[in-house]
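Student: Whenever a hint applies, use it, and build me the whole structure from the sequences.
Residue 1 is where the sequence shown starts when you use UniProt numbering, and the numbers rise one by one after that.
Lysine-lysine pairs mimicking PhoX-like chemistry, simulated, CA-CA at most 20 Å apart:
1) Lys-545 <-> Lys-518
2) Lys-326 <-> Lys-384
3) Lys-508 <-> Lys-518
4) Lys-470 <-> Lys-326
5) Lys-518 <-> Lys-544
6) Lys-508 <-> Lys-545
7) Lys-157 <-> Lys-119
8) Lys-643 <-> Lys-670
9) Lys-157 <-> Lys-98
Rather than coming from a laboratory, the hints here were simulated on the basis of the structure. Note that the structure is a prediction, hence the values are computed from the model and not measured.
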Amino acid sequence: MFKSRKGITPRAKTPRKAAPQRVSGRDWGRFRLAFVGGVFCLLWVALWGRAFYVQVYRGPELAGMAKRQHLATELVTGRRGAILDRNGQVLARSVASKSVFVRPVEVQNMAEAARVLSKALDLPLRDVRAKLAERRQFTWIARRIGDRAAVAIRDAKLSGVYLTTEYSRLYPNHQLAGRLMGFVGMDDKGLEGLELTQDQLLSGQDSKFVVQRDAAGRRLYLNGAERDGVIDGQDIRLTLDAQIQYFAEEALSEAVTSFEAEWGGVIMADVRTGDILAWAEYPPFNPNAYARYSATRWRNRLATDALEMGSTIKPFLVAAALDEGKITPESLYYCENGRWQLHNVRIKDTHKYEWLTVERVLRYSSNIGVAKIGLELGATAYHKYLAGLGFGEKTGLPLRGESFGLLRPPVQWREVDLANAAFGQGFAATTAQLVQAYVCLANGGVRKPLRLLMDAPADEEAHERVFTEKTSQTVLSMMRSVVEGDGTGTQARIAGITVGGKTGTAQKASPQGGYGDKYTGSFVGFFPADAPRYVIAVIVDEPKKNHYGGVIAAPAFRQIAMQSLAYMGTLPDTGYAQLPGAGKSGTAAVATAAEKQAGKAGQTAAGQASARPASQPGLTEVRQDVSHATMAVETTVPDVRGKSLRSAVEAFARRGVIPVVRGEGFVVSKQSPLPGAQWPKEGAQEYILWLSERF
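Tutor: As C-alpha cells, then:
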C-alpha cells in the first residue's frame with residue numbers, strides 16, 4: 001500500500017466481468033443459411049470447374065477415348081475386276097464368299113463357341129479351342145467357307161465370332177488359256193500371268209468403314225454397310241476369242257499326245273490388227289487348282305522360252321535377199337544332191353536336189369539352197385532384217401519373264417554361222433517373236449505389234465516397213481506353193497481356201513554341245529493366202545513318234561483354221577465335209593458357237609441376258625448334218641440340270657440346237673423345255689438354260 005500526500009492511496013477497482021451475450025435464434029438461422037449457401041457456391045464452382053476441365057481442357061482426349069470404346073474401324077477391299085475375252089465372255093472373275101474370324105477377348109462362352117465352330121466348319125475341336133485360347137484381338141478360324149457353314153455360324157449368334165466377305169477367284173472355263181490367265185494368292189493379289197502383270201488395274205481399292213460396339217464391346221455390323229464407298233477393280237478385256245482358244249487347245253492337245261511330245265504351243269493372230277485370238281499351250285494348266293502344279297507349268301513358254309525355229313525362218317531370208325536385189329524368184333542354186341561341205345560343217349537336205357529356183361528352194365525347204373542365198377546376202381544385211389522384224393527384242397506383251405531371244409551381232413558371225421542362221425540355227429526366238437515376224441510379212445512388209453489387251457494403246461513407232469510390198473507379195477506367193485503345190489506343207493490344205501505357210505524341223509542343241517537327237521517341229525501359216533487375214537503358228541516340242549513339222553504341226557494348223565472359219569461363218573461349203581473328225585468336231589463347233597452366245601447372254605461384264613435366239617452364220621450345214629444324224633436317237637429333251645455349261649450346250653448341240661443362256665454361274669439350275677418333254681418342232685419354242693453358282 002502506498003501512501004500519498006493526502007494519506008492512504010485508495011485500492012484500484014477490479015473491473016467486473018461482462019455477462020456473455022446470447023445469440024438469438026434469428027441470428028443463428030442466418031449463419032446456417034450463409035454457411036450452406038457458401039458450401040453450395042463452392043460446390044457449384046467446383047462442378048463448373050470440373051465441367052470446364054472435362055469439356056474444354058480434356059474434351060478432345062476424352063472424346064477420342066469414347067469413340068475408341070464404342071466405335072471401331074474396319075478395312076474392306078473392293079472386288080477384283082474380271083478378265084473377259086473380246087466378246088465379253090468371262091475368263092476370270094471374283095465370287096463373294098464368307099470367312100469366319102474371332103476376337104477371343106470378346107468370346108463369352110468358349111466351350112459353346114468351340115463346339116459350334118468345330119461342327120459347322122468340320123474342324124477338330126482341339127484346334128478351334130487352341131485358336132480361341134490365344135486371347136488376341138483377331139484370329140482367323142477359316143477362310144472362304146461354304147454357304148451352309150456360314151448360315152450355321154450366323155444363326156448361332158456367338159459373341160466374339162464374326163463373318164466377313166472375301167472373294168474367291170474363279171476361272172469358269174478351267175484350263176482354257178490357263179497359263180495366260182495366271183492366278184491369285186489367298187490375299188487376292190496376282191501371282192502369275194495376266195493376274196500379276198495387270199494386278200494394279202484388276203485390284204479393288206482398300207476402304208475403311210466404321211462399326212459400333214455394344215456395351216460388351218461386340219461389333220455391330222449392318223448388312224451391306226461395309227460395301228458403301230468401296231471401289232472395285234477394273235475389268236480388262238483381252239483380244240482372245242474364247243471359242244477360237246478352245247479350238248486351238250483341242251487341236252494342240254491332239255497333236256502333242258498323238259506324237260508323244262513334251263510340250264506344244266499355238267498362237268493365232270489377226271494380221272490387220274495384231275490382235276492375238278488364241279494363245280494355247282499343252283500340257284494344260286488349271287488356275288483354279290494352281291497349287292497342284294509345278295512352277296514350270298505356270299510359265300507362258302510361248303513368250304519366255306526361246307527356241308531355234310528351223311526352217312520357218314527361211315521366208316525372211318528369201319525376202320531380205322529379194323529386197324536387197326541379191327536374187328530374183330528365178331535365180332538358180334545348185335543344191336549338191338543333198339550334201340554340202342562348208343568348211344568343217346556338213347549341211348544336209350532331207351531329199352537330193354540339184355538345180356532349184358528360189359521358189360523351189362523355199363517349197364522343198366532346201367537347207368543348202370538357203371545357205372547359199374544367205375552367203376550372197378551377207379551377215380550385216382541379214383541381221384538388219386531380222387532385227388527389223390523384232391528378233392532379239394521383246395514383243396512388249398504384258399507377260400512376266402518375256403525373253404529377248406538370242407540374236408548375236410553380225411560381227412560375230414562366221415560363214416558357217418551365217419549359213420546356219422539362214423535355215424534357223426544359231427539364233428533363237430520365242431514363238432511370239434516368230435508370229436510377229438509372220439504378221440509383218442503377211443501385212444505387206446509393215447511391222448505391227450502383237451496385242452493381248454483390247455485397250456492397249458497402239459505403238460505408232462512400231463508400224464514400220466521392213467519389206468517392200470512387192471517383196472512381201474512375192475514371198476507369200478512362194479509360201480502358197482509350200483502348201484498347195486508339192487511342198488512340205490500339203491497337210492495344211494483347206495478345200496476352198498487358199499493357204500500359205502512354212503514347215504520347220506529344228507534339231508535341238510545338246511547340253512553337251514552340238515546338236516542331239518531331239519527336235520522341234522513347227523508350222524506357221526496364213527489364210528486366205530491371196531489377202532492374208534490370220535496367222536497361226538503351231539509348235540510341237542520334242543515329239544517321239546515323228547519330228548517333221550509338215551507331219552506333226554501342219555494338221556493342227558488345218559484343224560484350227562477350219563473350225564475358226566466355220567465358227568466365223570466364212571468356211572466355204574466344200575470345207576464342211578473336211579472338218580476334222582467329221583461329226584464329232586462338227587458338234588464341237590456348234591457347241592462352241594452356242595457357248596459364244598452363252599457368253600454374250602449370261603456371262604458378259606454387265607451380266608445381262610439376251611433373249612435373241614443364238615445363231616451363227618456359216619454353221620447351218622454342220623447343224624443340219626448333226627441334227628439328221630441324231631434325230632432318230634434322241635426324241636426327248638435331255639436333263640442337263642446340274643451339268644456344266646459346256647456339257648449342257650453339247651447335249652443340245654447334238655440336236656443342232658443352240659440354247660439361250662440366262663443368268664450367271666457355271667452350273668445349269670433350270671431348263672426349258674423340261675427334261676423328258678418331246679422336242680418341239682423347229683422354231684416352235686425357245687430353248688433356255690438358267691445358270692447359277694451351284695446346283
